[in-house]
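**Q** So the chains spell out like this:
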Amino acid sequence: MKKTMLTVFSVITTIMLGAIAGPVANAGQIRVATQPIPAFAPLFVAQKKGWVNQELAKAGGASDVVTFTSFPAGPPIIESFAAGQQDIGLLGDNPAIIGKAAGLNTRIIALTSSGPKGLAVVVPSRSTITSPRQLKGKRIGVVKGSYAHHLLLLVLRKGGLSANDIELINLSQADIASAIANGNIDAAAIWDPLITRLTTQHVVRVLTDGTGLKKGILVIIASNDFLTKNRDKTKALLKAYQRGSEFIRANPEAAAKLISSDVNLAPDLLLPVLKKFDYNPVIHVDDLQEIRNSEAFLLGNGLIKSPVNIDQFVDLRVSREALLRK
Amino acid sequence: MSTKHNERKTEPRLGIEGLSKNYLVRSEAIPALDGIDLTIEDGEFVAIVGSSGCGKSTLLRIIAGLETDYAGRVSLAGKSITGPGLDRGMVFQEHRLLPWLTVEQNVRFGLKTGYSGEVRKLVDEHLDLVGLSGFANAYPYQLSGGMAQRVAIARALVNQPELLLMDEPFGALDALTRIQMQQEVLRIRKAEKTTMILVTHDIDEAIFLGDRVVVMSSRPGRIKRVIKVDLPHPRDRGSYEFVKIRQEIYREFFKEAELPFSYAI
Amino acid sequence: MTSGSNRHLQTSLYVVQYFALLLILVVAWQALSDLGYIQPIILPPPSRVLATLWGMTTSGLLARHIGISVIRVLEGFGIAALLGLALGIGIGLSRTLDRMTGLLIQLIKPIPPIAWIPVAILWFGIGEQSKVYIIFLGAFFPVIINTIDGIRQTDHKLVEVARILEVSKSRFIWQVVLPGAFPTIMTGLRVGLMVAWMCVVAAELIAAGSGVGYLIMDARQLSQSDVVVVGMITIGVIGKLMDSLISLLEKRVITWKSVFSGV
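Going down the list, the sequences are from chains D, F and R. When you line the first sequence up against our numbering, it's residues 1 to 326, in that order. When you line the second sequence up against our numbering, it's residues 1 to 265, in that order. When you line the third sequence up against our numbering, it's residues 1 to 263, in that order.
These aren't lab readings, by the way, just hints derived from the structure by calculation. Treat the hints with care, as some may be off.
List time: in silico DSS-like cross-link candidates among lysine-lysine, alpha-carbon distance up to 30 Å [said to hold, decoys possible]:
#1 K158(D) - K144(D)
#2 K117(D) - K144(D)
#3 K136(D) - K117(D)
#4 K79(F) - K109(R)
#5 K121(F) - K224(F)
#6 K157(R) - K112(F)
#7 K157(R) - K193(F)
#8 K79(F) - K251(R)
#9 K121(F) - K157(R)
#10 K228(F) - K244(F)
#11 K305(D) - K136(D)
#12 K240(R) - K251(R)
#13 K190(F) - K244(F)
#14 K229(D) - K49(D)
#15 K157(R) - K169(R)
#16 K112(F) - K240(R)
#17 K229(D) - K48(D)
#18 K117(D) - K48(D)
#19 K121(F) - K240(R)
#20 K229(D) - K58(D)
#21 K144(D) - K49(D)
With the hints as constraints, model all of the structure from the sequences given.
**A** Structure follows, in structure tokens:
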């Protein structure tokens, strides 16, 4: 009996220790979490042009291996960070804040882009809805906790409505696409490339995008651990990102051709989308205010339980050091 | 108690002619029964005795109609037997009671579907017949082996069959209970006067109960001898006539030198 | 002969044995959390989980979601039980029907309910029906397979008795086959209910706005791991309660058997 108890106990302890230990990055490995969306175009350009490794080599990381993992949205990236599996992440400001509120030790180090036209509330092309007011009582699909969710509530507010006036359906972008095509939902709040894909297929039309409501900021986060140990390499990555950003500005057609497969959008469709975004990674003061607005939205709607101090969350200096002093 | 005999119109003569049966084992025909001829009269008690594998159970199952693949003719009151039926009740070595029915419900189960008479009375009568009057509401799992077997007998008799077939009914019981049950069968037979065929490997049981003992040889199963037991009931297992018949039967199975008569059986 | 105090000791020992494993795990969990070995964002400490559980219970939130999920499960399970029993009995009793349906059943059976979600959405949309359908699928196969099995297992010795007694077809089914098949059928129902409950999370992946599965998915999206754990515990507890209920029902009905319960 005693022997059995001992065996059982040691088995359980081993399992628990295994769970705690968690995965650890190999030395010289940099793990980047990203999403296949045009908002992160500079990253894909930098990747394809080899600039990522180039800049890293300059910062002493010539032998480093950068792994890119693609996720369908921000919240799964937060999960991956929680499991200690990522060092750098690209996602919307909303999920970044949610992760911080939940206890992730991360910092926002740069913007990926801003683009109020990159997110929108859409309705089926045959829909009779022409203004936000008419969304009352409708079924609306959105990725809960995403920055499109925030836009939705801002749009509702514009129409004098609140979240209680609609039926919010939590769906992934993929499910939203089929749900709105089948008429299972009456509207959705989504981001590119889905907006472009669905509008060009005449499945939906845009009711309202972020213009005048939400700047549509997406951010780059880094685990604080990684940041403190690898500040130079982090700056190198940001430099690579900026090079990608400049390339897009100078050669949009070439860029569209180059990264078309990374975002699953044909070059001719991708080109106008690239023009929707401002790819400057440096964080400006009014960007800070946008992020604060997002935090207020999340707190006010009970999506986070404790407030996040944005000034402490955002590290303004990294991007400035990396990109403004040449 | 039983009004059956006053109502019976035909004599249940069981006629078996040239009965043969083969079993196919890996495309080889193994004869189980070979040329069985037997006639059983109304009200008779015939005991069939033989060692294991001599086909006696197969013979009984054919009479019961559970086996239909055979050569020869088996008829009851002149009519060929084509399948199982209420006219031939059967008691097996296992009691085969329905575990989810009470004793009373199990006996009732034996009644023909759509029986319109006084069910309660008939069931009670038969419970009384087998000496289990107080156990109507017991479940089979609560009964001893002997008691369960008695319920099986009551069930087999409740529909008043022409023939009662018993396939080693006491084989699973201990020696003392066996003797008890043999006496019970005699009592029931006296009361009901049903024609009975008993298959057993117990020679003493065959002699104790049977009017005739059919001795079967094995592989293939044939009737070796039919011995009449003309003794009055109750029979004394130690009486001279009893022992003499026992000796006769033993000679059919064992060579002279092996006769185990110094031993008490 | 155990005296009164010995009996008390024995009962206490049984109680301890019953809860010991669980208690050890919870204590270890809390200790490791306090020592900092477990990150709260991945697995919050029991103290946090209990606090959240308390909050959700007193606000009635948990009860509401549980109620909605339970109703869905009962709906799906109800349909599965009726269909499974009816078809199972039919197939069990008819060789022809068995031959005709056997292949289809064997092909569909291994497909996990989650894999059906896209088809469910296509056929039923994203409302209640698609969720009930997923739950139905989970419960259906244990019920029908066990029903067919139970009927097949009918003791052929009893079948011989029924033939001799010229038992009518309906009496045969109702008095010989079904009561004999009942324990196996009961197992099928029990397993079916369990699977139905486990499927509730999968079902509520389809655009649910309520229910315990939704609670977990939603909390996951918002990195609220304490709510996720509360959801998981709730599913476990309710599942256990359902199982105990059916066990009780089973014992009540099957009074004619003595059952083996361990050395």
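**Q** Could you run down the list of hints and mark each one as holding or not?
**A** Verification of the supplied hints:
About 20 Å separates the Cα atoms of K158(D) and K144(D), which keeps this hinted pair within 30 Å; it holds. About 20 Å separates the Cα atoms of K117(D) and K144(D), which keeps this hinted pair within 30 Å; it holds. As the CA atoms of K136(D) and K117(D) are separated by approximately 23 Å, the hinted pair is consistent with the 30 Å bound. For the hint linking K79(F) to K109(R), the alpha-carbon distance of about 51 Å lies beyond 30 Å, and the restraint is violated.
Taking the CA atoms of K121(F) and K224(F), the gap is about 45 Å. The hint is violated against a cut of 30 Å. The suggested pairing of K157(R) with K112(F) holds, with an alpha-carbon distance near 19 Å, which does not exceed 30 Å. Note on K157(R) and K193(F): the hinted pairing holds, with a Cα-Cα distance of about 27 Å set against a maximum of 30 Å. Straight-line distance between C-alpha atoms of K79(F) and K251(R) comes to about 49 Å, which puts the hinted pair past the 30 Å bound.
Under the criterion of a C-alpha separation no larger than 30 Å, the hint pairing K121(F) with K157(R) is consistent with the structure, at around 28 Å. With a C-alpha separation of about 12 Å, the suggested pairing of K228(F) with K244(F) holds against the 30 Å cut-off. Between the alpha carbons of K305(D) and K136(D) the distance comes to roughly 27 Å, so the proposed pair stays at or under 30 Å and holds. In summary, the hint linking K240(R) to K251(R) is supported, as the alpha carbons are separated by about 17 Å, within the 30 Å threshold.
Taking the CA atoms of K190(F) and K244(F), the gap is about 25 Å. The hint holds against a cut of 30 Å. Among the hinted pairs, K229(D) with K49(D) is consistent with the structure: their alpha-carbon atoms are about 27 Å apart, no more than 30 Å. For the proposed pair K157(R) and K169(R), the alpha carbon gap of about 17 Å is at most 30 Å, so the pair holds. Taking the CA atoms of K112(F) and K240(R), the gap is near 46 Å; set against the 30 Å cutoff, the hint is violated.
Note on K229(D) and K48(D): the hinted pairing holds, with a Cα-Cα distance of about 27 Å set against a maximum of 30 Å. For the hint pairing K117(D) with K48(D), the CA-to-CA distance comes to about 26 Å; that is within 30 Å, so the pair holds. The suggested pairing of K121(F) with K240(R) is violated, with an alpha-carbon distance near 49 Å, which exceeds 30 Å. At roughly 17 Å between alpha-carbon atoms, K229(D) and K58(D) fall within 30 Å of each other, so this suggested pair holds.
With a CA separation close to 35 Å, the supplied pair K144(D) and K49(D) exceeds the 30 Å bound.
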